[in-house]
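Enquirer: Residues per chain are reported as follows:
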Amino acid sequence: MQFFLQQCLIGLTNGALIALVALGYTMVYGIIGLINFAHGDLIMLGACLALSLVAALGIGVADAGGMAAVGPAGTWLGIALLVGLCGLFCGGLNVAVDRIVYKPLRTAPKLAPLVSAIGVSFIFMNIGLFWLGPADRSFPELLPAANLLPGDGLQFTWKDLLVVLVVGPLMVALSLLVRTTKLGKAMRAVSQDQTAAALVGIDVDRVIAATFFIGGFLGGAASVIYGLYINTISFQMGFQNGLYAFTAAVLGGIGSIPGAVVGGIVIGLVRSLSSAYVGERWTGAIVFAILIVILVFRPEGLLGRRTKEKV
Amino acid sequence: MRTFLRERWDLVALGVLAVAPLVVPALGGALGGQVTTLFIYCILALGLNVMVGYTGLVHLGIAAFFGIGAYLMAILTVPMYPFQVGWLAAAIISVLATAGVGLALGAPTLRLRGDYLAIVTLGFGEVVKVTLRNLEQITGGMKGLNPVPPPGAGVKLGGLDLGLAFAIDPRWFYYLALAALAGVVVAMRRLEHSRLGRAWVAVREDELAASAMGISATRVKLSAFAMSSAVAGLAGCLYAGSLSTTADPNAYDFNRSIMVLCAVILGGLGSIPGTLLGVAILVGFDTVLAPWADSWIQQMNINPTGSSLLSFSGWRLAIFGLALVIVMRYRPEGLVPSRRLAAELHEAQP
Chain B
1 MQFFLQQCLI
11 GLTNGALIAL
21 VALGYTMVYG
31 IIGLINFAHG
41 DLIMLGACLA
51 LSLVAALGIG
61 VADAGGMAAV
71 GPAGTWLGIA
81 LLVGLCGLFC
91 GGLNVAVDRI
101 VYKPLRTAPK
111 LAPLVSAIGV
121 SFIFMNIGLF
131 WLGPADRSFP
141 ELLPAANLLP
151 GDGLQFTWKD
161 LLVVLVVGPL
171 MVALSLLVRT
181 TKLGKAMRAV
191 SQDQTAAALV
201 GIDVDRVIAA
211 TFFIGGFLGG
221 AASVIYGLYI
231 NTISFQMGFQ
241 NGLYAFTAAV
251 LGGIGSIPGA
261 VVGGIVIGLV
271 RSLSSAYVGE
281 RWTGAIVFAI
291 LIVILVFRPE
301 GLLGRRTKEK
311 V
Chain X
1 MRTFLRERWD
11 LVALGVLAVA
21 PLVVPALGGA
31 LGGQVTTLFI
41 YCILALGLNV
51 MVGYTGLVHL
61 GIAAFFGIGA
71 YLMAILTVPM
81 YPFQVGWLAA
91 AIISVLATAG
101 VGLALGAPTL
111 RLRGDYLAIV
121 TLGFGEVVKV
131 TLRNLEQITG
141 GMKGLNPVPP
151 PGAGVKLGGL
161 DLGLAFAIDP
171 RWFYYLALAA
181 LAGVVVAMRR
191 LEHSRLGRAW
201 VAVREDELAA
211 SAMGISATRV
221 KLSAFAMSSA
231 VAGLAGCLYA
241 GSLSTTADPN
251 AYDFNRSIMV
261 LCAVILGGLG
271 SIPGTLLGVA
281 ILVGFDTVLA
291 PWADSWIQQM
301 NINPTGSSLL
311 SFSGWRLAIF
321 GLALVIVMRY
331 RPEGLVPSRR
341 LAAELHEAQP
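Sequence order for the protein chains is B and X. Per the numbering used here, the first sequence runs over residues 1 to 311. Per the numbering used here, the second sequence runs over residues 1 to 350.
Treat the hints as calculated values from the structure; they're not laboratory data. Watch out, some of these pointers could steer you wrong.
[Stated by the list, open to error] Listed next, with one range per pair, are the computed distances between beta-carbon atoms:
| id | chain 1 | residue 1 | chain 2 | residue 2 | range |
| --- | --- | --- | --- | --- | --- |
| 1 | B | PRO134 | X | LYS143 | 20 to 26 Å |
| 2 | B | ALA198 | X | ARG195 | 39 to 45 Å |
| 3 | X | ARG329 | B | TYR277 | 43 to 49 Å |
[To be verified] Derived, one-sided and incomplete: chain B residues facing chain X with beta-carbon distance under 7 Å:
| id | residue |
| --- | --- |
| 4 | ILE35 |
| 5 | VAL101 |
| 6 | VAL115 |
| 7 | MET125 |
| 8 | PHE130 |
| 9 | GLY284 |
| 10 | ALA285 |
| 11 | VAL296 |
| 12 | PRO299 |
All C-beta atoms in this analysis are idealised placements derived from N, C-alpha and C, irrespective of residue type, glycine included.
Turn these sequences into a full structure, and let the hints steer you where they fit.
Expert: Shown next as structure tokens:
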């Protein structure tokens with residue numbers, strides 16, 4: 001029982017991370033109907049930057065206790081800085097790619113932007129290859145491995161807390177942004193009908209750019225947490241992780257923001273439970289089999305029909 | 001007149017390829033094997049072209065069907081299994097079974113929107129790869145299944161042991177693959193102008209209008225899926241046969257699928273010569289251009305430190321990616337376009 005609960009806890013933390021990436025897919029899909037194949041590789045580039053920044057800022061030197069040499073306050077400040085910088089980097093890069101590659105193809109048949117996105121993903125992967133080299137790179141442990149829960153039963157470490165601390169506020173901020181601000185309203189309008197939105201004076205291109213920026217920013221934040229949580233990054237990590245996140249977005253109902261969160265958590269749970277009970281090497285097959293089954297029986301996803309709010 | 005000339009060109013090309021092994025001794029060595037592989041990829045790409053080019057359905061997992069064909073072929077012929085079916089029978093069974101797998105996957109998923117279908121095929125590709133890798137008792141895991149016996153093993157043709165001939169001289173397989181490719185090209189050309197081929201194109205251009213004209217869109221798409229899978233399965237059979245092993249499951253992963261898709265898109269969607277050219281360019285890039293450029297850079301002494309930034313093959317992915325982006329932006333119909341698709345693609349742009 002305790003083992004099961006532990007796996008669920010791991011799954012929840014993992015799922016929160018997947019949800020953050022899934023949001024990037026779902027928002028872009030909701031607004032221009034593009035499966036952004038390059039999103040996973042964008043996050044890989046974010047992780048590259050995070051790794052370089054850790055070294056540059058000097059927060060990567062951990063002492064025996066697992067805490068960085070700059071002290072606990074410095075480490076947390078450093079992580080906050082990393083999240084911000086990588087978020088800006090990925091958001092900016094995403095907007096630039098949209099401007100250069102996808103924008104000229106807005107009216108082209110759907111195949112064109114999809115194939116272009118695959119092309120962009122290749123280019124990102126090549127950049128990552130030069131940045132990291134062909135082998136896996138280990139990401140430094142910045143946080144102590146101490147258990148935060150009483151007793152030696154369940155493990156909930158600083159790393160898990162970090163995921164919650166970053167993902168929680170970002171989700172709240174995002175839903176506030178979409179629900180209450182003028183930009184959020186414009187995003188909802190554009191996702192429903194671009195022409196009508198343009199007719200009432202919404203600058204559609206600006207709204208699309210903002211969507212790409214927000215999706216990229218969340219991805220950049222996810223890349224930092226990924227590095228700190230998983231501790232291994234490689235230039236090939238984007239494909240697999242991107243696919244898991246995309247599966248989560250589809251599972252939740254693509255285009256739906258709460259759906260991406262729910263989907264992410266479900267996929268996280270499926271991953272950790274299947275790794276624990278069936279075997280790690282089957283996890284990929286199980287996740288994608290679930291994806292196919294969902295698409296066949298409920299293509300609108302878990303929350304796809306019920307929520308009207310689509311971005 | 002146009003058609004006549006075009007067909008004459010094909011005959012010339014076929015003639016050159018048929019005579020080449022007799023004139024070029026290198027084709028009796030490793031080069032022969034490489035050209036055979038090129039033919040096999042051409043067949044695979046023509047299979048994908050049915051789905052992506054004619055019918056306009058994005059398929060991101062063609063390598064899975066390639067793999068299924070190869071593994072079925074191996075299971076039916078390797079000594080490890082009790083079946084030991086003859087080569088031709090094994091090939092026919094594998095091709096039909098691969099088509100069956102395509103039908104089984106396509107029947108429930110073809111009613112999905114185009115981009116969801118792309119994801120289903122991608123997911124299926126991953127499932128197949130993981131399964132091939134992990135079901136070690138059946139697929140041999142990372143070692144793959146071998147040895148796949150050469151075609152005609154044990155058959156004697158007037159004192160010539162056919163199996164032995166195939167095993168020793170790569171030119172035998174060269175001719176077999178060339179014949180298969182020629183057969184597929186002829187079949188595709190006939191299909192293109194048949195009732196079914198026209199229905200594929202009609203569904204691609206406007207599914208609603210096609211349905212209104214009495215075409216059953218689902219059935220037409222399903223037939224495209226089955227045809228695509230069958231041709232990919234055939235390519236898989238030949239692949240396993242020519243290497244006499246299935247190789248490890250990574251030969252059938254997403255990368256392979258995407259490279260074949262790149263070839264079809266670069267060459268020209270829905271165009272047979274375009275598809276063949278696309279494969280030739282991609283294979284040529286990896287086996288001819290990249291090694292040549294790398295050795296040239298070395299000779300010129302531009303890169304004394306051996307940095308991967310200054311090697312040509314280090315940029316492989318970026319070059320392919322850039323090519324895809326540029327082609328989609330400026331020439332979405334590819335290098336040798338099918339006229340109908342070119343018209344359709346340009347009409348959609350403002």
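Enquirer: Now tell me, hint by hint, if it's right for this structure.
Expert: Hints versus structure:
1. PRO134/B with LYS143/X: 20 to 26 Å: holds, 24 Å
2. ALA198/B with ARG195/X: 39 to 45 Å: holds, 43 Å
3. ARG329/X with TYR277/B: 43 to 49 Å: holds, 47 Å
4. ILE35: holds, 5 Å
5. VAL101: Interface hint status for VAL101/B: holds (6 Å vs cutoff 7 Å).
6. VAL115: Check passed: Cβ of VAL115/B comes within 5 Å of chain X, closer than 7 Å.
7. MET125: Cβ of MET125/B sits 5 Å from chain X, so the hint holds.
8. PHE130: holds, 6 Å
9. GLY284: holds, 5 Å
10. ALA285: Where the cut-off is 7 Å and the nearest Cβ of chain X is about 4 Å from ALA285/B, the hint holds.
11. VAL296: Holds, about 5 Å.
12. PRO299: This hint holds: PRO299/B lies near chain X, its Cβ roughly 6 Å from the closest one there, short of 7 Å.
In this structure, every one of the numbered hints holds.
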